[in-house]
Amino acid sequence: MKWFLYYAVSLAANITVTLLFKNYINIEPLSVVPVFLLMLSAFIAVYYYTNRSKEDFGTNYYSDIGFTDEEWEKVCLYTCRFNAGAIPIYIPFVLFFSPIVKAIVPTLIFMIAMVGGVVFFRIKYRKSLYLRFCEEKKELETQKKLEESGRWK
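Per this note's numbering, residue 1 is the first one in the sequence shown, and the count goes up by one each step.
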């Protein structure tokens with residue numbers, strides 16, 4: 001319900017601003033770029049919110065990425081929040097800026113929102129990730145030594 005309300009308010013604000021400033025707004029063909037990225041961010045936010053397991057993405061890259069299932073769920077939630085937070089930022093670019101700015105800046109915002117979830121997760125949990133990776137590395141080194149000595153089953 002919270003997500004529906006968020007999108008309804010964003011859409012209502014967009015329609016209200018468009019109606020109030022329709023004589024002053026500079027709508028051009030490049031206005032399609034931020035509108036498309038706005039819709040794409042909304043779709044990605046909802047998709048990451050509803051599909052949080054690695055299997056939902058269906059590729060080997062996400063299955064072998066090195067995150068546990070709990071960590072991957074947190075990454076999905078952060079990616080969802082970054083994309084949902086970027087949605088209201090696109091609205092002024094649809095309405096007011098020059099064509100070059102309309103094409104470049106929303107694209108940069110979209111790229112930041114897409115990688116923001118993983119980057120934020122890695123920054124926030126860097127110590128626990130580092131410790132887990134070090135433990136896994138020690139286990140692999142121990143296993144390799146045991147295999148070389150012939151004591152590994």
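Bear in mind the hints are in silico, worked out from the structure with no lab data behind them.
Heads up, a few of these hints could be off.
Quick list of in silico lysine-lysine cross-link-like pairs, PhoX-like style, CA-CA up to 25 Å [stated by the list, open to error]:
#1 K144 <-> K74
#2 K137 <-> K74
#3 K137 <-> K127
#4 K124 <-> K144
#5 K74 <-> K127
#6 K124 <-> K145
#7 K138 <-> K127
Being a predicted model, the structure only gives us computed values, none of them experimental.
Quick rundown of the hints versus the structure:
no.: 1; hint: K144 <-> K74; verdict: violated, 32 Å
no.: 2; hint: K137 <-> K74; verdict: holds, 23 Å
no.: 3; hint: K137 <-> K127; verdict: holds, 15 Å
no.: 4; hint: K124 <-> K144; verdict: violated, 32 Å
no.: 5; hint: K74 <-> K127; verdict: holds, 16 Å
no.: 6; hint: K124 <-> K145; verdict: violated, 34 Å
no.: 7; hint: K138 <-> K127; verdict: holds, 16 Å
Checked against the numbered hints given earlier, the structure breaks hints 1, 4, 6 and satisfies all the rest.
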